[in-house]
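Q: Using the hints provided, position chains B, C and D relative to the given structure of chain A.
Number of protein chains: 4
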Amino acid sequence: MAATSAPIRVGVIGAGRIGKVHAANLAYRVAGAELAAVADPVAEAARETAAQLRLDRWTADYREILADKSIQAVVIASSTDTHARLIEEAAAAGKDVFCEKPIDLDLARVDAALAAVKSAGTRLQIGFNRRFDPSFARARAVIAEGGIGTPQLIKITSRDPQPASIEYLAVSGGLFTDMTIHDFDVARWLVGDEVVEISAMGAVLVDPAIGKLNDVDTAIINLRFKGGALGNIDNSRKAVYGYDVRVEVFGSAGSVLVGNHAPNAVTHTTPAGSRGELPMHWFIERFEQAYLNEMAEFVACIREGRAPSVGGEDGRAPLLMAQAAWKSLREGRTVALEA
Amino acid sequence: MAATSAPIRVGVIGAGRIGKVHAANLAYRVAGAELAAVADPVAEAARETAAQLRLDRWTADYREILADKSIQAVVIASSTDTHARLIEEAAAAGKDVFCEKPIDLDLARVDAALAAVKSAGTRLQIGFNRRFDPSFARARAVIAEGGIGTPQLIKITSRDPQPASIEYLAVSGGLFTDMTIHDFDVARWLVGDEVVEISAMGAVLVDPAIGKLNDVDTAIINLRFKGGALGNIDNSRKAVYGYDVRVEVFGSAGSVLVGNHAPNAVTHTTPAGSRGELPMHWFIERFEQAYLNEMAEFVACIREGRAPSVGGEDGRAPLLMAQAAWKSLREGRTVALEA
Amino acid sequence: MAATSAPIRVGVIGAGRIGKVHAANLAYRVAGAELAAVADPVAEAARETAAQLRLDRWTADYREILADKSIQAVVIASSTDTHARLIEEAAAAGKDVFCEKPIDLDLARVDAALAAVKSAGTRLQIGFNRRFDPSFARARAVIAEGGIGTPQLIKITSRDPQPASIEYLAVSGGLFTDMTIHDFDVARWLVGDEVVEISAMGAVLVDPAIGKLNDVDTAIINLRFKGGALGNIDNSRKAVYGYDVRVEVFGSAGSVLVGNHAPNAVTHTTPAGSRGELPMHWFIERFEQAYLNEMAEFVACIREGRAPSVGGEDGRAPLLMAQAAWKSLREGRTVALEA
Amino acid sequence: MAATSAPIRVGVIGAGRIGKVHAANLAYRVAGAELAAVADPVAEAARETAAQLRLDRWTADYREILADKSIQAVVIASSTDTHARLIEEAAAAGKDVFCEKPIDLDLARVDAALAAVKSAGTRLQIGFNRRFDPSFARARAVIAEGGIGTPQLIKITSRDPQPASIEYLAVSGGLFTDMTIHDFDVARWLVGDEVVEISAMGAVLVDPAIGKLNDVDTAIINLRFKGGALGNIDNSRKAVYGYDVRVEVFGSAGSVLVGNHAPNAVTHTTPAGSRGELPMHWFIERFEQAYLNEMAEFVACIREGRAPSVGGEDGRAPLLMAQAAWKSLREGRTVALEA
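Sequences listed follow chains A, B, C and D, in order.
Residue numbers 1 to 339, in my numbering, belong to the letters of the first sequence in order.
Residue numbers 1 to 339, in my numbering, belong to the letters of the second sequence in order.
Residue numbers 1 to 339, in my numbering, belong to the letters of the third sequence in order.
Residue numbers 1 to 339, in my numbering, belong to the letters of the fourth sequence in order.
No lab work stands behind these hints: they were computed from the structure.
Since the list gives no way to pick one copy over another, a pair counts as held whenever it fits inside one copy or between any two copies.
With a cut-off of at most 30 Å between alpha-carbon atoms, the simulated BS3-like pairs for lysine-lysine come out as follows:
1) 226 - 327
2) 101 - 69
3) 226 - 212
4) 118 - 101
5) 226 - 101
6) 327 - 101
Okay, chain A solo, but in the shape it has when bound (with noise of 0.2 Å):
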C-alpha cells in the first residue's frame, strides 16, 4: 500500500448543484487534495463556480481535464446521462472516478462502464451519500458490532419535501431509480446482505402530472433479503414539513434508529403544545457532512492505494432493485431478483 503525500489533483466535471459542493469541498475541507479545475458545457456554471473557490482553471470542454496528466482524479457530476460514456473516458485516461449514484438507467451501460473501469485498473466510488453521514455510519457500526444481534427488519422512510420539475422527473428514470435507489442501497449496506425479493406498491398522491409520466410519486416497496430478514421502504414525493429521511433496523437483541437531523435544537411551548424543530429541508444541508466525508474518503483510497467501500458493484445492485420494484408494480407481484 502505497501512500502519496503531495495533494491528489482532482478536477470536477458538471457544475450543478451537486458539482459545486464537490468542488467547494475539495478546494478547502478535503485534506490531501486539490482542485485542479472544473468543467461544465454551460461555460459560464464552470467560470462562476471556479471564481466562488478563487480557482483560475475552468473550461466547457471536459475532454481538457482528462488530457491534464497532472489530474489524478476526476468527480462525474454531470446529468445521468453522460455518466457511464465519462466513466469509461476517464477510465481510459487512467483517471481515478467519483461518480453520482446512478452510473446509468440501462444495465448493459452499467455492465460495459465498470468493465471498462475494470480492465483499466483505476478506481471507482459511487455517490451513495448516506453511507457518509454520521447518523447513518453510527448506525452501520451499532449493527456491525452485533448491538441488534441478527437484523430481522429494516424500515426506511424517505420523503422529498417538494418533486423536482416535470422536465426533470420525465429523464429521471422514474421513482425507484431515481429516489428509492438511494434506499435500496442504504437497506443492502445497513442489513449486510443482498435482496432477493421485492414487492411493490405505487400511487399518484402528489402530481398528477407525474402520473402522466407514466411514474408514480408514492410508494411502499417490501423487501425480503437473501439471509430471511425482510424490509420497507416508503416514498413520497411531497412531505411538506420538510425532507424526511429515517430508517430503523430491527435485529434479534435490540434496533437502531437514525432519526431526521434539525437546524436547531429549540423547543418552544405554549398552551398551544410544545413545538420541535422540523427536519432540515433539503438534502444538500441534511448530508452536507456527508458530502465532505464521502470525498474525503475518495481522496484518502487514492492517497493510501485502496479500493473505495462503495464501488461499482455497489452501484450496479440497487439498479437491479429499482427494475425488479418496477416490474413487481406492473405486474402486481412478488418479483425475485435474479443472482
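A: Quick look at chains B, C and D alone, frame taken from chain A:
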C-alpha cells in the same frame, strides 16, 4: 334516546387475563356499571376473580348469567372458538354484548353471529382496545380534524415482547389473524377508508416451532386503500426490548405519529450514553387506560341508547384482511379484497 | 415482624380533593386495605364521597372514626390548621396516621405532634407523594445504585398551571411553605443529604394580589448540602402550558433527569413545526399513580409491622427549609439552617 | 451606509485553538472576506496555521499586521492579558476589531480600551459566539417575537467536559470570569434586560487543586433583572458525559428551551434501555457554526458600514456581573450591581 339511571348490570364470561381486566374495571372504575357475576368453566378461576373484587356471584356455567333477567349485558372474554356461539346465545337472551376479537376465524361463522345480533336488535361492541387508547384516539382526532390533510401513507409497527406459547399459537389462526388483526383495524380506522389490496411477506426468524405450525413470526404487509392511500404494517413475535406499538399517518398537509409509552420519564446519562426508558413491556400495562375506556364506552352506549362505535362490521373487516394477507403470502402476489 | 392477614380498616378525615383520591384508592385499589368511613365537617361532602364509593359509613364528626376500635388507621386530608391536632388525637386513640403535608406551619406545633406520635408508639407517614411516583422513584433508585456517582448539583423545576384562590393562598403559609415544600423534600431525598444553607430570591410576576399577601409567586432558591452538593429550585404559580415538574441530579459519574408526563405520546408535524403534547395539566392526574403507591406503602407498613419510609422527621425538615428561605428572601443573604 | 465590494482583508492575531478557527473561516468560508495574515509570538504556530490555509503571509510580530494599510480589520485571539492593549493599538491604527472575550479582567482597563475604540471611531465586536449559534439565535427570535410573553425566569446550564489545565485556570480570572461570563452574556441577551442583583454559591467538588487557587469548580448563581425577572445559572468544570449547554426561558405566555446538539441522531435500543447519543464533546464542535456566523457578521458589518450587534458594552457588562458574583460568594449575601 332514553337514558337509564340505575347502574347497568354486566356479567363477565371468561376469567382469564383479559376477563379479569374487564371484571375489575366494571367492579370499580366504570361509572354507571355494576359487575353482576363472573363465569368461567374453570370454577376456581371464576371464584378467585370474584373474591378479589368482593363479588359473591360466580359460576362455572355462563348460562346462569344469560338466564339472569337483572343482567343487561355480557362481556365475552372466553376462548376464541366460543365467541360466535356466545354472541348468538347472548343476543337470543336479549343481552348487549362486548366481545373480544376475533369474532371467529371462519367468515361464515362471523356472518351468522352478526346476523343473530341484528335480528335480536341488541348491541355488539368488538374489543379493539387501541381505538380507546389516549394516544391512538388523539391521532384519530388530529386526522379527523384535517390536521394532516388527506392521508397518503400509514405505517404501523406492532411487535410483541415474546411469542405466546406454541399451544396458544397452534389455535390462534396464525400471525395475521391473531396479531395483525389489531393493526388491520387501526389501519382502517385511522385512514378512515377500506383496504382494497394486500401484499404480504412473512418469515420464520424467531422460533422454528412457529414455522412448523405453517405460521410465520415476522411479517411486512403492504396495503392499498380504496381512496388511493398506501400502507405498511410490520410485525414480529419477539422484540427483546418490550412491547413496541407505533403508528405514523402521513398526509398531504402533515403527519401524526403515535409513539410508545414508557413506565417513567427518566433519562440517565453517563459517558456510555443517554439512556431512556424502554416501552412498557406488555399490552396489559400499555393499554390499561384503553381497556377502561372501551368498557366505559360500552356501558355509556347502553345507558344512552346508542350504538357502539366499534360494531360487528368492524370485527368482520379485519378478518377479511387477514385472509387476504395469508393468500398473498402463499401465492406471492398482490391480492384484491372483495367489496 | 408480624403480618396481619385481615384487611386494614382505614378511615379518611377530610373529603376534599385529596381526601377523595385517598378514599377511592383505599376502597378499590389498595390490596389489604378496606375503606371504613369518611368524615368531613361538611356532612354533604362526606356523604357524597361515601356514596360514590358504595360505602355506607360517613360522618360530619371525625371523632366517630377515632372512637371506632375496628379502625386501625386514619388518613388526615383536612385543612392544614387541623393536621397537628388530629395527629395527636389519632395517636392518642392508637391509630396509625397518614397525614398530608405540611404537619403545621408552626415548628413548635410540629414538634408537639411528633412527640405525641412517638410516645403513643404509632406510625406516622407524611404525604410527600412525589417519592412514590414511578419517575421520581426510578431517579432515586439510579442515584442509590451509584448510577451518577456522588451528587454535585440538583435542579428542580416546579410550576403550577395557575395559582390557587387568594383565599387559599392567604392561609397557605406562602409559596415556600405551601409549594416549595415538596421540592425541599425531593431535594433532601434525591441527594440523600441535609441542606445546610439556603439563599432565595422571589418576585411577584403573576398576580399583584399575591404580593399584597406579603407572598411571592415566582422564586429561585439556591441550596447547599452538608456534603458539599449545591442545588437550585425554581417555582412559579403559573405556567400557562400546564403542570411542570422536572428534576435533574448531576453527579461525578453522570446525571439523571425526570421529565414531565404527557397525557399521550402523539407528535403532530406540519409545516408550522413538530408539535408534541403538553405535560399533564394538574397534579391530581400527574401523580395519580404516586397517590396510589403511597397509600399502598402505608397499608403495607401496617400489615408488615414496619415504619413508613417517609416519617415525621421528613415532615419537619422541609418546614425548617421553608423558614430559612423566607428569612433569606427578606434579609437578602444566605441563611444557615440550624443543625 | 456605504457598501464595499472588494473583499475585506483581515489579519488574525493569535494562532491558538480559537485563532485557528477564525483564520480558517476567514480563509474559506466567510463571503466577502480575505485572510490577509496570521501573527503569533510563537512563529512556528503562525507559520503552520498559514501553511494549512495556503496563505504565504505569517509573522511573529503582530505590529506588521497593524502597520499594513491594506488590512482593514483584525481578529484578536491572543491571551487575555493582551486583549485590551491590542484593542487600543488596533484602534489607533484605524482597524476594526473582533476580540475574544473577556476584554480584560480589570474594569478600568476595559473602560480605557472601550474609550480608545470610541475616540478612534472604529468598530469592536466581542466574541460571544453563542449569540450566533442557530439554536440560541432561534430562542432569541422566539422571545423577541413575543413567543413566550414577558420573560419571568431564565435557567442556564453550562458545564465543561473537563477542567482546563491548572496553569490556565490560575490566570483565567476564575470560574465566574472565565466560564460563567458566557452565561452572563446569554442571560442579558435572551431576557433583553440588565441584571441588578446576584447571589452565588460555589464549591470545589471536581479538583482540590482548583480550590487552592481560591477558585471554585461548581456553582449556582441566582440573578434578578431590572424588569423583575429572575434567573439561575449552574456551572461545573466537569460533566463526564460531555459539553452540556442548555437554556430555558420561561415567560408569561410560554417557554423556550435550547437543548444540546448531538453528533448524530441515532437511538440504539436493547433490553438494557434506549440509548441516545451524548452531546457533542467540546465547544469547538458544538459552536462550529456559531464561530462561522459571528465572523460573517463581523465582516458584513464592515462591508455594510454598520455597528456590530455585540459591541464593547456587551463585553463590559458580564465582567461587572462576574465581579458581583465573586463578591456574593465571598460575603454570603445578595449583591446589587451598580447602575
